Each structure stands twice: as C-alpha cells, then as structure tokens.
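Engineer: In order, the protein sequence lines correspond to chains A and B. Here the first sequence is numbered in our numbering, starting from 2 and rising by one per residue. Here the second sequence is numbered in our numbering, starting from 149 and rising by one per residue.
Honestly, the hints are just simulated from the structure, not real lab data. Since the model is a prediction, treat every value here as computed from it, not as a measurement. Glycine residues also receive a C-beta, built at the ideal position from the N, C-alpha and C atoms. One should not assume that every hint holds.
Unchecked claim - To give a feel for the contact side, a few chain B residues facing chain A, derived at Cβ under 10 Å:
| hint | residue |
| --- | --- |
| 1 | 217 |
| 2 | 230 |
| 3 | 279 |
| 4 | 289 |
| 5 | 292 |
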Amino acid sequence: MSERTGPLTGPRVHAHIAAGLADPGLIDSWTARNGGGGTEQDAAVIDAIDLAALRRFAGFVTMVRQNPLRRILPLTLRALAEADLEIEAFAAYAPHFARLSRTAGPDLRGRLTAFADFLDGWLVDDDPVHAVIRDALGHELTVERLRHAEGGPAAAPSAPHRGAVPRRTGAQAIRTARHHPRALAELIESGGLATGRPPRPDRPTLLYWRDEPTRQVRVTEVTPLAAHLLALVDGRTTVGGLARRLTAATGEPCDADQLAVALQEFTDLHLLTLGGAAPSPIGEHRCG
Amino acid sequence: MEYFDPGRTETAVGMAHSPYVSELVERLPGALDYVEIPFEQLRHAPATADIQQHIPLVLHCASMSVGGFVPPEESTLAAVEHWRQRTRTPWIGEHLAYIRAEATEPDAAGRGAAADPTSLTYTVCPQLSEQSLEQVLDNLKPLQDRYPVPIILENPPQYFPVPGSTMSLVEFTARLCDRNDRLDLLLDLTHFLISAINLGFDASRELERLPLERVVEVHLSGLKSQSGTAWDDHAQPAPEPVFDLLAQALRRSRPRAVTFEYNWAPHLPELGPLQQQLRRVRDLVGT
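Bound conformation, chain A alone (with noise of 0.2 Å):
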C-alpha cells in the first residue's frame, strides 16, 4: 500500500494527534477503546500512535501553559519535578485544563485554583513523597490567601491587660505543617525526594501573617498552645475570659496577667490590637 493511500497519511495523522493535544480526554478513551466509533482508517491510526508518549506531551504542554503558576507555587512544582512527578501529574491535569479553557479561559486566580484543587485530589495519602508535595501546595496556597487577603492598616501596639478585648487584625493564618518552609525547601532543592523516603515530618505549627507596612508574608513557628489561644481570639472575650477558657481547656491554670504578658508578642506584630469590651450583639439581652 502507497503511502498516500496507506491509512497513516499525513492529514489523518496530524489530526489524531492535534485532536489528542486538543482534548486530552480522547487520549485516555483511544487508550481505553473507549472513543467514539470512527473508521477503520481512524483506528488504524490510533492504533499507530504511541498513546502513553501522546499523553505525556499533552501533560507538557498543559504544563507549559502553566508557568505563569510558577511565580505563585515554585517550591510546589518544583517538588513536583524533583519527584519526577511533573509530567504525569500535568498528563493527569490536561483533560481538566482543556474543559476549563474551553468554557472559561481563565484567568491566573481562576488556573491556580483549578490546578490546586487537582493537584490537591490527586496526590494520593499514605505517600510520603507526595506528603511533602501536599505540604508545599498547603504553604504556597496559604502565602498566596493571605497576599490577597483583606486588611486593614497595622494597629498600633498597645499594652495588654486583663480587662482588654484582643481583636484579630490584618491577615493571618495558622496552619500545621509536615515541615517547617525552611526545611521543606531545603529538602525539595537539595533532591531529597529523589529517594522516595523522605525524612519523619515535624509538624510545626505555623502562624503566617502578613507584615501590613511592607506586604509579605511572614511565617512564625508557634506552640499548639499559643495556636489555640490565637483561635480563641473572638473579638468579644476579655483577657481574663481568654484565661478562664485556656485554664478550663488545657486543665492548667492560666493567669490572665501573665497571659496578658504572652499576648504582647501578637500585639507587637500587629496581629492583635487591644480595646475595650464590645457591646453584647443585638438580640442576646431579653427585654424586661
């Protein structure tokens, strides 16, 4: 048979390919035999194209067509490289980017959270490379929320006592992590998940916070305890009653001065701002 009139000519070919670049998902169904009827050429030349390296380059590009992520999630994707994760992961993505391109063209907030939310779905739970991986999204998201969060301008600090009402200001954010950032990127750029056995996770618990006079995002290491206190934090209850709730939680007893004297750290970092009581809210008082 000529090559012309063979079944692999040039148009036929190029289409399937270009049709598989263009909707991934047919890659997968041609590989499941699942794909719509189509002739006999069709499958002949289905049949000749090497699917699995077709959709690898299907993840390449989708991955290329990503980049601007990587100002967003650089410690993420890279994770992902040096676990030899990139491109599969991308081939995985690349039947959801072309949905999401085909209806919306979105955006860079709109592609972040898309391939967050995949990414986020398909490593799996009981791998501790993708652990790590998980735990990079998890600090790089986490920066990112609180880049673009709401808030208001720093509070001046002001001096705690038992009587005052911390609020929460500015944008903030306690996450528990499989690693300190530190550590984590020192383990993603120094190849350690090239072993497949990373090291134990330490589970820090971080407080992310963003410096209001310069915009970036900070991230403090904090004990559970001063984490629970922060969440305590309703914007109503005085420094006392903060005391009488972490006494009755941690069964210590918690002297409201000397938490007041821990809370002059967060005050110092413009996290709390100190005032008077608030009114009770509308309602809570019954008449008569």
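Let chain A serve as the given structure and place chain B on it in line with the hints.
Structural biologist: Chain B alone, transformed into the frame defined by chain A:
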C-alpha cells in the same frame, strides 16, 4: 526605535522575550544585541513592542503551520506582515511544525475535515514523509513570495515518533533545503539534543548531516528529564552538551544570531551565570 542592522556581519547575541527581558536590557547594557519576540505576543499585546525603543527585535512565529496540511488564516499572515514591517525584523523565524490540523470527524463523504480545523496552542513535529515534504514545500513558496525577508525554519523537538514517518528529521530538513534554495534554518540545538535523546540517535554525528551552512539563527535553552523523556525547558540554563553542539556547528556555519531562550522562569535569572553564558557564546562566535 532600534532596528536590527541588515548589514551586520558579526553574529548577534540575543534573548527571547520574557516578562523580565526589559529589566535585563536595562541592567546589562550592551550585553544583548536584540530581543527575539513571538509574533503571537505582539498580536495580542501590541504594547510588548515598546521594548524596541531600547533594543532591536527579531520576529519569531508559531502560527504559520508550515509543517501542516491546513493553511493558516489569511488574517494571521496579514498580521505577520504588519509586525514584520513594524519591527523591521531581518528574517521571520518559524517552526518546522504544525499548529492546525483537519478535524477527526469525517464529512458526509467520509473524508474528514468537515468540521472546523483543530487549532493548537503549541507547535507539533509533523509526519516526516514524502507527502509532508511536498506539503511543506508547497506551504513555503507562497510565504517566501509574500514576505520580503527570509523565512527560517526551526527544527522541532521530537518527543515521540510520528506514525507514517519514513525519514529522520535531519534527512527531511536536508531534502527541504535541497529543493528550496531560498530556505534557511533556525537550528535549535536543545531541540536537536532532545530529539537525539528521545529517539536514540547520536546528536554529534547527525548534526554533521545537516546543511549547517544554511543556519541563520541558533537557539539555546535548557532541557530536563521527566517520566523517561527529555523535554524542552526554558527555565533552565543550556547544559554543557548544548554548548558542545554549538561549538561543533560553528565549525561549518556562521549564524547571524544566537538566541538564548530563557523565558519560562518566574523571575529574572541570576545575572552572573547569565553573563558568563553570554560571554561564552560571544567567544565561540568570535565577536
């Protein structure tokens, strides 16, 4: 405005456009002779051309689908001409690849191509066959007649064999050059090395089979290995084997330009290593 000197005899050294190339031009005065800019970027964001107030531009294109069986839109070719005139590019770089293909759904007669063609966002290596060879020659001639500057074709990276191919990309390229006197080449040495790794040929030996005397421009970039395949990586510096291939190619060619494609990294590359690479290329080309 700055324009590439068409009479320039020295090999120019430039950089592919990136979000940080303006900063590079500013921070490394005189280090770059030009910026290579994608036509597609100019078309969708014309203000990108403002950088030409400071440095000449060379036009690079991925829209003419020279390696394909479906022609580009007339409006695309007209826009290329618009930007050729505005940039006064000395040549138009284009991929020996396709970006449009007929639909897979058949028409009423069962011949395919009833629906709109499939358009891609990334160029793809064509089938390397007699049929493709004739098609590329047919595609090239009207383009060469249309534009008053040379069209130089860039070798694509080969990530997998294209079914129905009957010759290597080197043979395909050599035969194209034999049949078309006006055709010159853009030799992407990283693509060449990637193809050698993925298809298992000896890059150094095959390079000698290329018509290197037709090389007008050279591309250099990084590459990486993932999932058992070598991939183009414009976020990494060109590795040593790429410089080895450059030195080898320069024994038989005198390109007019060497372009670093470092345009995928999220941030400005480290200036020290970048300056070393720029100097290294200038030493190799003797400028």
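Engineer: Any CB of chain A closer than 10 Å to the CB of residue 289(B)?
Structural biologist: Constraint on residue 289(B) not satisfied, violated at 18 Å.
Engineer: Grab the minimum C-beta distance from residue 217(B) to chain A and call the hint holds if it beats 10 Å, violated otherwise.
Structural biologist: Cβ of residue 217(B) sits 4 Å from chain A, so the hint holds.
Engineer: Quick check on residue 230(B) please, does its C-beta sit within 10 Å of some C-beta on chain A?
Structural biologist: 25 Å, violated
Engineer: Hey, does the residue 279(B) contact hint survive, CB to chain A under 10 Å?
Structural biologist: 5 Å, holds
Engineer: Tell me if residue 292(B) is really an interface residue toward chain A, meaning its C-beta lies closer than 10 Å to one of theirs.
Structural biologist: At 21 Å from the nearest chain A Cβ, residue 292(B) fails the 10 Å test, so the hint is violated.
Hints 2, 4, 5, counting from the list given before, are not met by this structure.
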